[in-house]
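*Asks:* Chains as they are written, first to last, in the working numbering: chain H, 1 to 290; chain E, 1 to 162; chain F, 1 to 788; chain C, 1 to 154.
Read the hints as simulated data drawn from the structure, not as lab findings. Warning: the hint list may mix true and false statements.
[As the list claims (entries may be wrong)] Straight-line alpha carbon distances no greater than 27 Å define the calculated BS3-like cross-link-like pairs of lysine-lysine that follow: (1) C:K92 / F:K97; (2) E:K22 / H:K82; (3) H:K42 / F:K9; (4) C:K92 / F:K71; (5) H:K42 / E:K152; (6) H:K13 / E:K88; (7) C:K60 / F:K97; (8) H:K27 / E:K22; (9) C:K145 / F:K57; (10) E:K88 / F:K9; (11) F:K9 / H:K286; (12) H:K13 / E:K24; (13) C:K85 / F:K97; (14) E:K24 / F:K57; (15) E:K158 / H:K42; (16) F:K97 / E:K88.
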Amino acid sequence: MRDFEYLPTKTIKEACSLISQYKEEGKILAGGQSLITLLRQKLISPSYLIDIKGISELNYITFDEKNGLRMGALTTHRAIEKSPIIQKKYNVLSEMEKSVASVQTRNWGTIGGNLCSADPIGDPAPSLIALSAKIKIVSSRGGKTIPLDEFFTDYFTTLLEPDEILTEIQLPSPVAHTGVVYMKFSTIEAGIKIVSTSISITLESDRRTCKDAKIVMSAVAPVPFNAKKAGNLMAGKKINDDLIAEAAQLASEETNPTPDVHASAEFRREIANVLVKRAIKQAFEKAKIA
Amino acid sequence: MEIAKKILKVKVNGRPYEMLIKPKTTLLQLLRNDLGLTGAKQACMDNSCGACTVIVDKMAVKACSVLALQVNGREVTTVEGLASRDGKLHPLQQTFLDFHAFQCGFCTPGKLMSAKAMLDENLHPNEEDIRRDMEGNLCRCTGYKQYIDAIKAVAQKKEGAK
Amino acid sequence: MTEYSVVGKPLPRVDGIAKLTGQAKYTTDIVLPDMVYAKLLRSPHPHAKIISIDISKAEKLPGVEAVITGKDTFGIRYGFVDTPNYPAEERPLAEDKVRFVGEAVAAVAAVDPDIAEDALDLIEVEYDPLPAVFDPEEAMKDGAPQIHGEITRSTSCAWEDWGVARKSHSYTPVNNVASRVLISYGDIEKGFAEADYIREDRFWSPATSHMAMEPHAIVANYNPFTGKLDVWLNHMAYELKRYWLSKTLGIPIQKIRVHQTYIGGAFGGKAVIFDFEVIAGFLSRKLGRPVKIVLTREEVFSSCRNSIRFDTTVKTGVKKDGTIVAQDVKVIVDAGAYKGSAAVAMFLSHQFSEPCYNRRNVRHEGVAVYTNKNFGFAKRGHGAPQNRFAVDSQIDMICEDLGLDPVEVILKNLRKKGDVLPNGDKLESYGLPKCVQLAADAIDWKQKRGTQRDKNRGVGIGINGMFSGSGYWPFACAAIVRLNHDGTVTLMEGDCEFGQGADTTYSQIAAEELGLPLEDVNLISGDSELCPMNYSNFLSGGMFVGGGAVYYAAYDLRQKMLKVASELLKVGPEDLDMKNRSVFIKARPEKSLTFGEILRYSIQKHLGDPLIGIGYKKAVPEIEFYPSLSKGTGRFTDAYGLAAATAEVEVDRETGRVKVLKICIADDCGYEINPASIYGQMVSQAVMGMGDALLEEVIDEGGRVINPNLVDYEIPRAFDVPEIMVLNGCDYEPKGPFGGKEAGECARAAVIPAIANAIYDAVGVRVHRVPITPEKLLNALKGKEGRR
Amino acid sequence: MLIQEKFLVKATINRVWEFANNPEEIGSCVPGCEKIEKIDERRYLTIVQAGVGPIKVRFKFISTITEIDEPKHIHLESQGADMGKAGSFTQKSDVDLREISENEVEVSYISNINVVGRLATFGERVMRAQAKKIGEQFIRSFKEKIEAKKEIKS
């Protein structure tokens, strides 16, 4: 690891002012669960490390029926996993969090840090996108809120400008008759993901017709993405095995996987098909009773 | 560029320390190199093996992936702080011993700390909880079974004592 | 059977307190005053000439103490296989050219590891890339790039030291052939002619990592005033490392001390000497300061030994009832840039098969070929996992073809107790038939085999055999037990504790023989200066050879003590017994002496004799020299460990993912000195074998390892462990200590075909390359078996 | 890693050949190319900036044309390293042109790229994806440039 100046901060304002001062020469440190590996391998060597983990105003989980869920960017994975309100209202998130890396990483790593590292195989993004998450970004120039869906631009790359900080994740209140699931495929239980998907199905009051479907996939493209064609196909139709198969097929065609040491592109596409099919079925079942 | 060292105040195994360190020092380097507490080990370079697990404020963390300065003002417990000073082993240590729950022992301190944090938080883990919570600790010798059984036994004993 | 009080009990491990409290010191934990840290610059090219190396910038970096290149270590040669016909060709630093990605080119010592690493970036090496070859069959073709020229006599050849008068000569590989073996007996043609059914199949096993948790490391401390080199390192028998360090550095062997450390796992991968170990010694002598090197995980994957890549074609002829009448095995080993232990593995893959089936007419031909890749070495079973995957998969296929039951066919073909193998080894203990039966029953074979395809579930079986030590020069081991005045004993035995439990089981053996509780045995192990000669810690010689030496040392002390006691108690030694810390008259147990009293008497009346027991053992007493590997003749071991494994799996047909539901291992280790320790060894091998069958492969591309980390090289984790049953298939080994023999390596190789065969039983397709990844299995299910 | 691509360009084979052999033109198609310079008849010096997320590298490398069969085939070998020492790489490429019709050429290339060093440890999957992306961008601008020029000329 190369030397750097360490700048701990206590407020968002302080952090914004430091990062706008150092820009590319600086780097924000939250939980550091992927950053420190990159530093150690000297793949990045910032001159200034701005530690925001001590900013207590970024560590919270709140919920009300009107505004939905708000999570500070420094909320740890473990806090999300264990949050009673999330377990009750957004169960898919707490279930998903159980499979994020290891307990040790979940204890120290933050949701904001995870999203900003933009690893294409990261666990939280697909479920958050399926839940229509928005994120709040601030800088000394001001602030904005954008759909998480638009945040990721490429492998390990986001819209975040060098002077900006992700501060909050927002989820709308759960919609009635909606089932959301997260499913992933890896060779071993905690292995590297070959494909993962998060699916949200909202049913009409007949509990058979699909009102809205979000089919989010990851590890099969540079960024997690919402397979819109497949979702649109389902909207307004009665859900049955044929429709599910057709949607899964469409979704797998929307992928753009890269072959690597774990799987070929073709295999990823096939698994995406199978996984989406299974996940839709499960989400459908959940939606029926939601 | 000469980087200024920073002051770190931290409690390790109940003892307060105040020292000047380079900002790039990881918690693992601090423990092993500066404090001579070599129980936590480095076995990988990428946050994937868990051999360096220690407890920071009741949470198991991987000491290789936390900067020492990030634990400023916090309390760290390592495997060296697990047994009491009079030579009495912690129930986890005693049960690991009884169950042959280790072989080469290199990853054992990390496992003990993960298990301690888990049992301190979760009073009634079932086998699935234990396996899931121990996912972050790689082992090549034991095949995992004996130490999962050992942790289960400690949990049951705790429950029985209630 | 005698009732024992210490052996046969699952006593807690004697290394437990140290390991559970964080006090156990491993090499990576050793810090010496004034120590410097070294890092190695490694080749980015699979095959290239070194035009020039400029170290001037690196030398000027503040904090750098020394930079060395192949010029400094020129001419040093070593290797595991180092025979008069095949001299060793490894070198600590590349000289004229590099032969694989990861070969060491230069080394830097600096006051801290970060500075050493920064200095590596300042070394400028100019390479001229040469055509490289990565496939052994390509490498054997005329016109392929030649990886080695003339290999001249090694500097570390062991032969002269052990009195072999043969002159060694240089070797020039032709078509990149590193070594060959050809073993045959019976009449193979006649055998096939008598067969009712013949099958030929080809199987591949990749390189896998030992993945010991502790990365390879060394601390070397040369004292310029005494000329002594103290080292702390990862090893599996200190005599080997000491010997190589002595030969490569030119330091007399008695001036090199290997200190005791705990070793964070080995699995065969740490027995051999490595480039960085020679370099650490070299740098320490150059600087007169301690030098520490800890490899990164990436270096462990790409520059240290992995297991050996086997391409195995098996042709087997059987009678209608499944009786094997002929087997022809052809092995191509993709050796990598240096030969490593390829020749040994090719031989062992044959010899470990010998105690399994009586094949009647056998031919086993192997060729090891140089390629521009990292090279290989022993890994838990050394050649057996690769061979069992091939042979026991094929047995399963033959049974399918002929409508026979694999368990019945295996039982029919097993050797018999008392059999003398073609090389002369005798199976004095042979629990394999019992193991096969136990493993089959435990998985509910009769109910489950062939009946669960509708549920995509299946069961499979595999078996294996393994040496209990062998005659690698000189493969002997000694132990000393001294009596202390408080009645306890101190045991000095050289085997190092790398997790296998040697410290505990050896202490149990000494305690049992002397009638002491375990805590009365003080142990000094793994230190070359405090312990006698030791070569027993690999090839599974630990219990049989090392434990045997301990047993004889304790026995020797016991006889001496009884003799003294008989003088005091005025009865014959044969009338005495030893138990509960005292010697007593069998007929009148109240007439007894404490050990302290015996020692006092001995010192007072026997010229100060403090009563020291000495014991020693050799794997095969009859042989003086290393037998011929290339022809497979000569005696190899006095006892074989044996194992059978069964597995039950469930396959997800849509994804190709295999879930292992259960693994049962029945093992014949002669006698379980510590049943908890044996249980641990078996569970360990079940899980490692599962990794071999389903997950693990060190993948290279263009000669470069592309998964050299624990994220991309996946091994089973806590959640993946299936139900595991361990069954005792022991058959008392008359030559082993309390009947004990090998336990730590055998079963792994049986687990791999058990899982592969279970997959076939579940879904009716077979993948010929391990690991059987979801992608490979899915392709096979679709009828297109690919490489991946 | 092996990268294989095939694409069609609307231009004459001689035009494509000429374009592909002009360092400036070809350099302008390589994403992040800072400099491409002819050293002699067969050798070129190139500096390319690339990156994945927060990781930035500048590769400096020398390419040598070892086989040439005008206007159909080039074999090219390159070796170089990141100027920040994050890694080094070698590359062997075959480029083949095939005339489909008078004004349409199929360009196919096979490139075997080998990256070593810290960069490689970052992860095979990312490296591979990145190479693929660079390849795709290269093809896009290659086509655009040739086809645009042709239009101007005609």
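*Asks:* Please name the hints from earlier in the document that this structure breaks, with their numbers sorted from lowest to highest.
*Replies:* Violated hints (numbers, rising): 2, 3, 4, 5, 6, 9, 11, 15, 16; every other hint is consistent with the structure.
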